[in-house]
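Q: Read top to bottom, the protein sequences are chains A and B.
Under the working numbering, residues 1 to 241 are what the first sequence spells out, in order.
Under the working numbering, residues 1 to 388 are what the second sequence spells out, in order.
Note that these hints are calculated values from the structure, not bench results.
The beta carbon of each residue, even a glycine, is placed where N, CA and C say it ideally should be.
Be aware that one or more of the hints could be misleading.
Partial chain A-side listing against chain B, Cβ under 10 Å, derived [stated by the list, open to error]:
id: 1; residue: 6
id: 2; residue: 14
id: 3; residue: 95
id: 4; residue: 111
id: 5; residue: 121
id: 6; residue: 122
id: 7; residue: 128
id: 8; residue: 145
id: 9; residue: 180
Dumping the calculated DSS-like pairs for lysine-lysine here, alpha-carbon to alpha-carbon at most 25 Å [unchecked claim]:
id: 10; chain 1: A; residue 1: 47; chain 2: A; residue 2: 10
id: 11; chain 1: A; residue 1: 208; chain 2: A; residue 2: 227
id: 12; chain 1: B; residue 1: 140; chain 2: A; residue 2: 120
id: 13; chain 1: B; residue 1: 140; chain 2: B; residue 2: 260
id: 14; chain 1: B; residue 1: 116; chain 2: A; residue 2: 135
id: 15; chain 1: A; residue 1: 120; chain 2: B; residue 2: 116
id: 16; chain 1: A; residue 1: 10; chain 2: A; residue 2: 208
id: 17; chain 1: A; residue 1: 10; chain 2: A; residue 2: 227
id: 18; chain 1: B; residue 1: 50; chain 2: B; residue 2: 85
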Amino acid sequence: MAFGSFVLQKDLNFTVNRGDIFIIMGGSGCGKSTLLRHLVGLQTPAKGEVRYGEVNFWEMDPGEREKFMRRFGISYQSGALWSSMTLAENVALPLEEYTDLDPAGIRENVSLKLALVGLKGFEEYYPSEISGGMKKRAALARAMALDPDILFFDEPSAGLDPISARMLDNLILELRDSLGATVVVVTHELASIFAIGNNSVFLDPDTKTMIAAGDPKKLRDECPDPKVRNFLTRGEAGASG
Amino acid sequence: MTEREGKAGLSEAAGEMLGFHRPGGDTLVVRLSGGWNLRTALPSPGDVEKELSSGPGIRKVAFDTGALGGWDSGLLTFLLQVFEKCAAAGVAVEREALPPGVRRLLDLATAVPERKGARREADRVPFLPRVGEAAGRSWKSNRDTVTFIGDVAVAALRMVRGKAQYRRSDLLQIIQECGAQALPIVSLISLLVGLILAFVGAIQLKMFGAQIYVADLVGIAMVREMAAIMTGIIVAGRTGAAFAAKLGTMQVNEEIDALKTMGFSPTEFLVLPRMVALFLMMPLLCLYADLMGILGGMIVGVTMLDLGIMQYYLQTIHAVHLNNLWIGLFSSAVFGVLVALAGCLRGIQCGRSASAVGEATTSAVVTGIVSIIVATAVITVICNVLGI
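Go ahead and model the full structure; you've got the sequences and the hints to work with.
A: As structure tokens, then:
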């Protein structure tokens, strides 16, 4: 991972298993969001490969890759809802483009997706008319529009009140358990990390590589690297760099 | 491919995915089989409704999911609609045979009740209330505009007295952006306007053997009106739009709120430097446009009308008086202020979304250009009355 000659991260090697809730964590500026952009097809990595099963993602023909990306659902940090569309239109657009559902079917499916995130009745609202937490939930409804195999979240609970953050965490768990989706989350919210994550990778901005991987709870209790323990205990394990 | 999608890929025809049987008594068993996936053709919930109404005495609907393969929200949507139809028909639904994941998601979808009053009705607002609302908006907009102009006037006075809060570096940067960086586009447009005026004039004047007067036509038109107007329009499209977009984005990012809460006046800090920059740069750009327009006329005069360069130059000097120049420069300074005000006003009034920034930018350009044309008309009438 690099910008020109500036190397952000190197020697990253990790596996996400089907059904995992995989956390990408690390301090600010370590390259978490850039790694996510490499995983979802928004930015070509400087070197290396991203594999989904047997598929080498960045070696694919661009058109094929674009089709493959429809299997992803992505919820961005700010929600990134299309501001000129209502919430219903935001969720409906991918369904209109990529399914053969009739308008009534699309309407029903949009209602379902918004109901799943607790936004029933807000179909005709514009993003500018709802709160930050509601935007995050609406973004999740849009990410789920095509029932993706893999859901990516960039800082899903950042800026949310504890109850909304907890609700979002529960929703992520429910989606994994019910639909069998794989979830990749970029976050440094410790409560979320321990509530939902069963696998993780820790990126270090100093050594510019991953310094730990595995179950976040185990890393907190057993990881030999003090940086990781320090991060996961909010500094209570003793500072070290 | 996941298990869900893989199975759905082999989905049967919609008709084979849904079956019914009556094990006896008052129960209808709905048999779901195969893959239920959004991207495949799914059965209609109307089929269940037909089945409910086909036989008498159905009081309960149960499900048989033994042959159900992969599923996603397509199945959930279908089931929710079936539940609604059953509720409408007064028929009980037994969910126990549904897969646990389906039951959990259905529970989740119905767990949060719809917030009271949240749903919007698509009622059409009657004519008179709409007129009233439009009049109210128009009144508020005019009042905001007058307030804004008043604020800017006060800020300008504070600037004259050396008390305005703004960063000199910001002013210099804006001067560079709206002045020197606009030269290429001003050159191109002014040269072409001079060429066009000369072409149009040449065709008519040549008929009378008076082609030398092309120099008068181009010189007076450019110096007195056209250079100022064309530069004003270019600046409205280029700089006025940029002002609106910049201030609008600052509004969206709450940067303007941050200025206010720290005691800075957005009018002094943001609007004033922009207005001063355009007030200073517009006459210079206009002077430059005068020269480029005359050069465009000269190109046509020399290459097509067989006029000499000196002959064209002397004729222009003879025709264009200083009054014309002053009127043009004065107009351009006025246009600069108007474009800056329009851009900044729309930016400050901008809503808090990306589309609002787009609307503010469009409105700034339209307001700027309309202001320029109205101001030109006013200045022309005043000059006529004053006899200059």
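Q: Next, verify each hint and record whether it holds.
A: Do the hints match the structure? See the list:
1. 6: violated (26 Å)
2. 14: violated (20 Å)
3. 95: holds (7 Å)
4. 111: With a minimum Cβ separation of about 8 Å from chain B (threshold 10 Å), the hint on residue 111/A holds.
5. 121: holds (4 Å)
6. 122: At about 6 Å, which falls below the 10 Å cut-off, the nearest Cβ of chain B leaves the hint on residue 122/A intact, so it holds.
7. 128: For residue 128/A, the interface hint holds, since the closest Cβ of chain B sits about 4 Å away, which is under 10 Å.
8. 145: Holds, because the Cβ-Cβ distance from residue 145/A to chain B comes to roughly 9 Å (cut-off 10 Å).
9. 180: holds (6 Å)
10. 47/A to 10/A: OK: residue 47/A and residue 10/A at ~9 Å, within 25 Å.
11. 208/A to 227/A: Judged against 25 Å, a Cα distance of about 13 Å means the pair holds.
12. 140/B to 120/A: Distance of about 34 Å is beyond 25 Å: violated.
13. 140/B to 260/B: Roughly 22 Å separates the two Cα atoms, so the pair holds.
14. 116/B to 135/A: holds (19 Å)
15. 120/A to 116/B: This hinted pair holds, its Cα atoms lying about 10 Å apart.
16. 10/A to 208/A: It holds: about 6 Å lies between the C-alpha atoms, which stays within 25 Å.
17. 10/A to 227/A: Holds: residue 10/A and residue 227/A sit about 18 Å apart, inside 25 Å.
18. 50/B to 85/B: holds (10 Å)
In summary, the structure is inconsistent with hints 1, 2 and 12 from the numbered list given earlier, while agreeing with the others.
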